[in-house]
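Just so you know, the sequences run in chain order V and S. Residue numbers for the first sequence follow the working numbering, beginning at 178 and rising by one. Residue numbers for the second sequence follow the working numbering, beginning at 5 and rising by one.
In case anyone wonders, no lab produced these hints; they're calculated from the structure. Each hint should be verified, as a subset may be incorrect.
Said to hold, decoys possible - No farther apart than 20 Å at their CA atoms in a straight line, the calculated lysine to aspartate or glutamate pairs in the DMTMM-like style are these:
1) S:104 - V:249
2) S:109 - V:201
3) S:109 - S:12
4) S:104 - V:239
5) V:234 - S:102
6) V:247 - V:201
7) V:248 - S:12
8) S:104 - V:236
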Amino acid sequence: DGGITQSPKYLFRKEGQNVTLSCEQNLNHDAMYWYRQDPGQGLRLIYYSQIVNDFQKGDIAEGYSVSREKKESFPLTVTSAQKNPTAFYLCASSIGETTNTEAFFGQGTRLTVV
Amino acid sequence: AQSVTQLDSQVPVFEEAPVELRCNYSSSVSVYLFWYVQYPNQGLQLLLKYLSGSTLVKGINGFEAEFNKSQTSFHLRKPSVHISDTAEYFCAVAQRGDDKIIFGKGTRLHILP
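Excised from the complex, chain V in its bound form (with noise of 0.2 Å):
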């Protein structure tokens, strides 16, 4: 079946340490996302890539950091620097290419520091 696996589901982080998300797609999608999501804020967007080799910052990029070294894997580090880490985190993908059609997202990543 295709789509989008995020992993771990539940991820604890002692503070000062990083951490890093997982994300595999098997769609075939050229563009993929990070966003984090908290209560009453929405999905914010953290990292975006258009292409294997190249990502863009988004809203709130500081304190996290990304790779895009396949087209099929996104991973997100978040890094000791961020300074409110615990959040639950989503990731997506689309076709791109700007012919922009839905993103499609995994099942997330709920990360608390302790």
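Starting from the known structure of chain V, arrange chain S on it as the hints suggest.
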């Protein structure tokens, strides 16, 4: 840059009553518009989308939305809600020629028995 405003953070409605969830957008160029639904602790699922053509768009689960360019709105409607429609609903916009998708803050739909 584009932006999305969902005017109501929560909407309570009785079962089998009609509902409208409001969405306004801002963009200097033509846009694509979307409505997504999110059930607790899950990702988002597409309800419907407007890309071009007819301004009345029908989606899954009996939902529909109307694109109004003059009012820059894309309100979501359902003539009769069911308890299973309890969820959070997100409006989203993407500018033509740009893959960046921006979401509103969401509207929680509460179905009252």
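Against the structure, the hints come out as follows:
1. S:104 - V:249: Judged against 20 Å, a Cα distance of about 18 Å means the pair holds.
2. S:109 - V:201: The given pair, whose Cα atoms are some 26 Å apart, is violated under the 20 Å limit.
3. S:109 - S:12: holds, 9 Å
4. S:104 - V:239: Measuring from Cα to Cα gives roughly 18 Å; hence the hint holds.
5. V:234 - S:102: Between residue 234 of chain V and residue 102 of chain S the Cα gap is close to 14 Å, so the pair holds against 20 Å.
6. V:247 - V:201: holds, 10 Å
7. V:248 - S:12: violated, 38 Å
8. S:104 - V:236: At roughly 11 Å apart (the allowed maximum being 20 Å), residue 236 of chain V and residue 104 of chain S satisfy the hint.
Checked against the numbered hints given earlier, the structure breaks hints 2, 7 and satisfies all the rest.
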